[in-house]
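Protein chains in written order, with my numbering: chain A, 1018 to 1202; chain B, 1457 to 1665; chain C, 32 to 205.
Incorrect hints may have been included.
Unchecked claim - Not the full set, but computed from the structure, chain A residues with beta-carbon under 8 Å of chain C:
1) G1108
2) I1142
3) D1174
4) G1201
Said to hold, decoys possible - Cβ-to-Cβ under 8 Å is the rule here; a few derived chain A residues that face chain B:
5) G1064
6) E1088
7) R1172
Since the hints were made in silico from the structure, they are not lab data. Here a beta-carbon is modelled for each residue, glycine too, at the ideal position from N, C-alpha and C.
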Amino acid sequence: MTRRLLNGLVLVALLVVAGFVIHTTPTDAQRDAPIVVSGAIGSPLSGRNIAVTVHEVHLADVVSTASWQGETEGVWVVVDASAAAVETENGALLNAALVIGDRTFSASGRPGLDTIADQSLAVGIPITGPIMFEVPVDAANGRAELRFAQNGDPRADSVLAVAVDLSGLELEEMLTASEISRGGS
Amino acid sequence: MASRARDLAAKVPTKWILAGSAALVLAASALFGGLNDAPADPIPTLRPGDSSTGTRVELAVDRVVVIDGFPDLYLEPEPGFRYLVVIGTATNVWSSPVPQSLSSFGTPQPATVVSPRIEGLEAVAPEEVLVFSDATTAGDLQPGVPVQLAYLWQFPAEAIADGDEVTLDLWDETYEGDSLIGFGDRFSDPFVTATLTLPATDSSVVDNG
Amino acid sequence: MSWIRSNWIALAALVALIPATIGLTFSAQWLGYFATWPSEPTVVPVNQSATYDTADWSVLDATRVSADSQEGSDLGLPEGTDLVSVQVRVDPRGPSPYCTLELDELRDDTILRTWNATLEFTTAERSGCESDYAVTYSFETQFLVPSDAGADDLGLALNLSTTDELPRYLRLYF
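Could you build all of it, start to finish, from the sequences and the hints given here?
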């Protein structure tokens, strides 16, 4: 009788432990989740292999650079930032995304080489210049988050996040984006 | 009572039970139309200017143009070939960017949206997709932002003349959930969801607004 | 106690098998990883040469030009950077191999940062290895680095590797 009771208790204990393990085991998404480093506009942010500082954010209807002019049915969000690699240059490209609500926007490639988005990053030598996003008119207000990573695969690597309040920005008719420069600290 | 039922059941030959169950299943299937394939809904035919809304992209085709090439953009077809250009307004109705051109890494796959029915066309996917206003290669469609795009395919020069009717297939795909390996969303193989027939305009110069 | 005595064979097998399983699993995962990128350095002190793959290698000369200097601004170096140029002599012992070159910043034996070679400011005839040469030749490889690279107690060394010899590579100090 005592033997049976003991077996029963051990069984219950094992079931409780098993239940606990099942509920606390990380899901695939949690295991692969990026490591997020957050900061504000103006603060230098640093991850495993990418370091970014966001300088300014503008809203515009039309954007022009040295060799391109772009129109959009939405609104341009133009971000001025500096980016560098931290430990190695292999595979280091600036991947930039803008998250507004439940929608994600990727950096526009229309400016070609006049944007620093998708350009190679150098270790310790920042590249400074504009990143352009096209967003719908109704999304260009309220809170948004800029996310920077060293390539398009966000899993288990650093993501640098900067909060931006788009509602405080004036919509410019035509914006001349800054030229790209390298170096400086 | 129970023991007599058991004895009776033991005496019924197995093949009677099997046949009986099969008959029951067939009879039940009659309730929902039988076991033959359901007749597929016919694919709708659109008129120029209509939108075709898919899972990720909504496209309204404006016009179709045939042209020798775009020398300013260094886009020239093979000798004996010309370009067929489908010009339309595409809008991303999904919540994340949708690629329209193949990246240098080969992933993610661009979403197939439209293709022309041309004799001997090698691939459904367009050779080039350009943003109409600045003639740059179309990268990602951004959620909620309509863009006028030009989709290009090469075709044998004599196959289409000015005024000939060209039939376009409009494509859709189904969202299948997260990637099993890697990351990102998965979509099924694209399928034709609508067609559209319109006359091709021969253009020696496409006016780039 | 008697339970242990009557099951001692199984227990002994466990004691042998558990570490063996862990060891095998780890090596299966990690050996392949380390074998395919430069992870075993052979250190070559300054002014010495080393045999590696089918050639002997040594550093002939090394210079570092700052963006602040006259030469640096003539070259157009970005602000806050230095251009490190390393001349390497190659004495082939067979057909000379092609090599991959990187610049490592080290604290003792730990690599902190690595730079890839640049061709942006090249003036020398040869900027890297030539494959299948039978005679002695030299090349000059260049790296654009921030001015603080290798500062204080940190050192810089040339990381030279060929695909046949991986994971072994040469760490040439200059």
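Discussion item. Hint validation: G1108/A versus chain C, beta carbon distance must be below 8 Å. Holds or violated?
Written reply: Result: violated, 11 Å to nearest chain C Cβ.
Worksheet entry | Status of the hint placing G1064/A at chain B (closest C-beta pair under 8 Å) | Violated - the Cβ of G1064/A stays beyond 8 Å from chain B, reaching only about 18 Å at its closest.
Discussion item. Checking hints one by one. Is R1172/A an interface residue toward chain B, by the C-beta closer than 8 Å rule?
Written reply: holds, 6 Å
Fill in: Interface hint outcome for E1088/A [beta carbon to chain B under 8 Å]
Holds. Min distance 5 Å.
Worksheet item: Hint check: is the beta carbon of D1174/A less than 8 Å from a beta carbon of chain C?
Response: violated, 17 Å
Worksheet item: If you take the shortest Cβ to Cβ gap from I1142/A to chain C, is it below 8 Å?
Response: Interface hint status for I1142/A: holds (5 Å vs cutoff 8 Å).
Fill in: Status of the G1201/A interface restraint (C-beta, 8 Å, chain C)
OK, holds: G1201/A within 8 Å of chain C, min 5 Å.
Of the numbered hints listed earlier, those contradicted by the structure are 1, 3, 5.
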